[in-house]
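**Q** Residue-level listing of the chains:
2 protein chains.
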Amino acid sequence: MSRWEPNARGRLEQAALELYQDQGYEQTTATEIAERAGLTERTFFRHFADKREVLFGEQENLLKMSLGAVESAPDTSTPIEIILAALEAMVPALQDRRETVRQRQSVIAANPGLQERELLKLAQFTFFLADALRKRGVTDPEASLAANTGNIVFKTAYERWAVEPGASDLSRLIQQTFHQLKSILSG
Amino acid sequence: MSRWEPNARGRLEQAALELYQDQGYEQTTATEIAERAGLTERTFFRHFADKREVLFGEQENLLKMSLGAVESAPDTSTPIEIILAALEAMVPALQDRRETVRQRQSVIAANPGLQERELLKLAQFTFFLADALRKRGVTDPEASLAANTGNIVFKTAYERWAVEPGASDLSRLIQQTFHQLKSILSG
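Sequence lines, in order, name chains A and B.
Per the numbering used here, the very first residue in the first sequence carries number -1; after that it's consecutive.
Per the numbering used here, the very first residue in the second sequence carries number -1; after that it's consecutive.
One should not assume that every hint holds.
[Said to hold, decoys possible] Straight-line distance between alpha carbons at most 27 Å, and here's what the computed DSSO-like set of lysine-lysine pairs gives:
| hint | chain 1 | residue 1 | chain 2 | residue 2 |
| --- | --- | --- | --- | --- |
| 1 | A | 49 | B | 49 |
| 2 | A | 133 | B | 180 |
| 3 | A | 153 | B | 49 |
| 4 | A | 153 | A | 119 |
| 5 | A | 119 | A | 133 |
| 6 | A | 133 | B | 62 |
| 7 | A | 133 | A | 153 |
| 8 | B | 180 | A | 119 |
| 9 | A | 180 | B | 49 |
| 10 | A | 49 | B | 180 |
| 11 | A | 62 | B | 62 |
| 12 | B | 133 | B | 153 |
| 13 | B | 119 | B | 153 |
| 14 | A | 180 | A | 153 |
| 15 | A | 49 | A | 153 |
| 16 | A | 153 | B | 133 |
| 17 | A | 133 | B | 49 |
| 18 | A | 153 | A | 62 |
| 19 | A | 119 | A | 180 |
| 20 | B | 119 | B | 133 |
| 21 | B | 49 | B | 119 |
| 22 | B | 153 | B | 180 |
| 23 | B | 119 | A | 180 |
| 24 | B | 49 | B | 133 |
| 25 | B | 180 | B | 49 |
| 26 | B | 133 | A | 62 |
| 27 | A | 62 | B | 49 |
It is worth saying that the hints were derived from the structure and are not from the lab.
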């Protein structure tokens, strides 16, 4: 086996998701993941700190994209416009990986410990978004409320997109969910 | 020491909160709590399963009050009206215990593990509220969006109420936060 493996990270991720779905997350080891991907355990650990990072490693990138969008939003944008832009900034990367995201969701849905972790990660994400708004001069409670609204809208749209076979356009689901939320609050 | 102790639960809670604040939650034992309250360890464990339950035991009651309000809301109520009624239903019990609630908040704010637990408990709470809406015939995503809105509004109002010296009326803060959220979404 050569040291350079084409798309090793993607192959490991795919092998991991299949094993997590087939035999359960808890039961799967890094050795098995590497084996199924036709790679060595050492290669696995060059790409991921542990088997959990296969599921949560991508979130750092998504967070960076969101925070970048908050920073570069026009001065005239309202807090909620900035937050919606932050959500939109993640869409292309997610849309490119739709099948992987779906598999990831089904693994997380099957494991309460992973669900807790996902929830805590989203809360952290929301905290960083609120902080980025504060850096733009938005005060509290507006900054925190806008970021938390983004959290709800994203979570709802994302879960529909990941689960419903017909729901293909994440960007449209985000807009739709936002308008549903507005309409509920007026009810 | 007689077996019947007047207000043992309240005395244990107060002793626990003082110790958690003075020497830290992790460092405090059930034995110390009982000692400070002038009660036996056995009495402690008659009232609380462990030292964590001193902080989270009250939430079951609050949840019951909220779910009761969802069930008994008029048929003509909109989902968001029902959720606001569910939040209001907790106010008298919280208002009665304001000093205790404040102390509890400061203990939780000082401990990341307790913060995570609080967050997970709130998420569970939100899940139950959404479920109670579904039982009234509210469909998704409305049920989930309305319950999550309640979560944000409550969390924001509650934290201000627990922390700000001047913020004495929780009910008014809930209404105010709700209107701030509406105004942000229209922004």
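**Q** Are the hints correct? Go through all of them and say.
**A** Against the structure, the hints:
| no. | hint | verdict |
| --- | --- | --- |
| 1 | A:49 <-> B:49 | 33 Å, violated |
| 2 | A:133 <-> B:180 | 23 Å, holds |
| 3 | A:153 <-> B:49 | 33 Å, violated |
| 4 | A:153 <-> A:119 | 12 Å, holds |
| 5 | A:119 <-> A:133 | 21 Å, holds |
| 6 | A:133 <-> B:62 | 40 Å, violated |
| 7 | A:133 <-> A:153 | 24 Å, holds |
| 8 | B:180 <-> A:119 | 26 Å, holds |
| 9 | A:180 <-> B:49 | 42 Å, violated |
| 10 | A:49 <-> B:180 | 42 Å, violated |
| 11 | A:62 <-> B:62 | 40 Å, violated |
| 12 | B:133 <-> B:153 | 24 Å, holds |
| 13 | B:119 <-> B:153 | 12 Å, holds |
| 14 | A:180 <-> A:153 | 16 Å, holds |
| 15 | A:49 <-> A:153 | 24 Å, holds |
| 16 | A:153 <-> B:133 | 22 Å, holds |
| 17 | A:133 <-> B:49 | 39 Å, violated |
| 18 | A:153 <-> A:62 | 18 Å, holds |
| 19 | A:119 <-> A:180 | 25 Å, holds |
| 20 | B:119 <-> B:133 | 21 Å, holds |
| 21 | B:49 <-> B:119 | 17 Å, holds |
| 22 | B:153 <-> B:180 | 16 Å, holds |
| 23 | B:119 <-> A:180 | 26 Å, holds |
| 24 | B:49 <-> B:133 | 35 Å, violated |
| 25 | B:180 <-> B:49 | 39 Å, violated |
| 26 | B:133 <-> A:62 | 40 Å, violated |
| 27 | A:62 <-> B:49 | 39 Å, violated |
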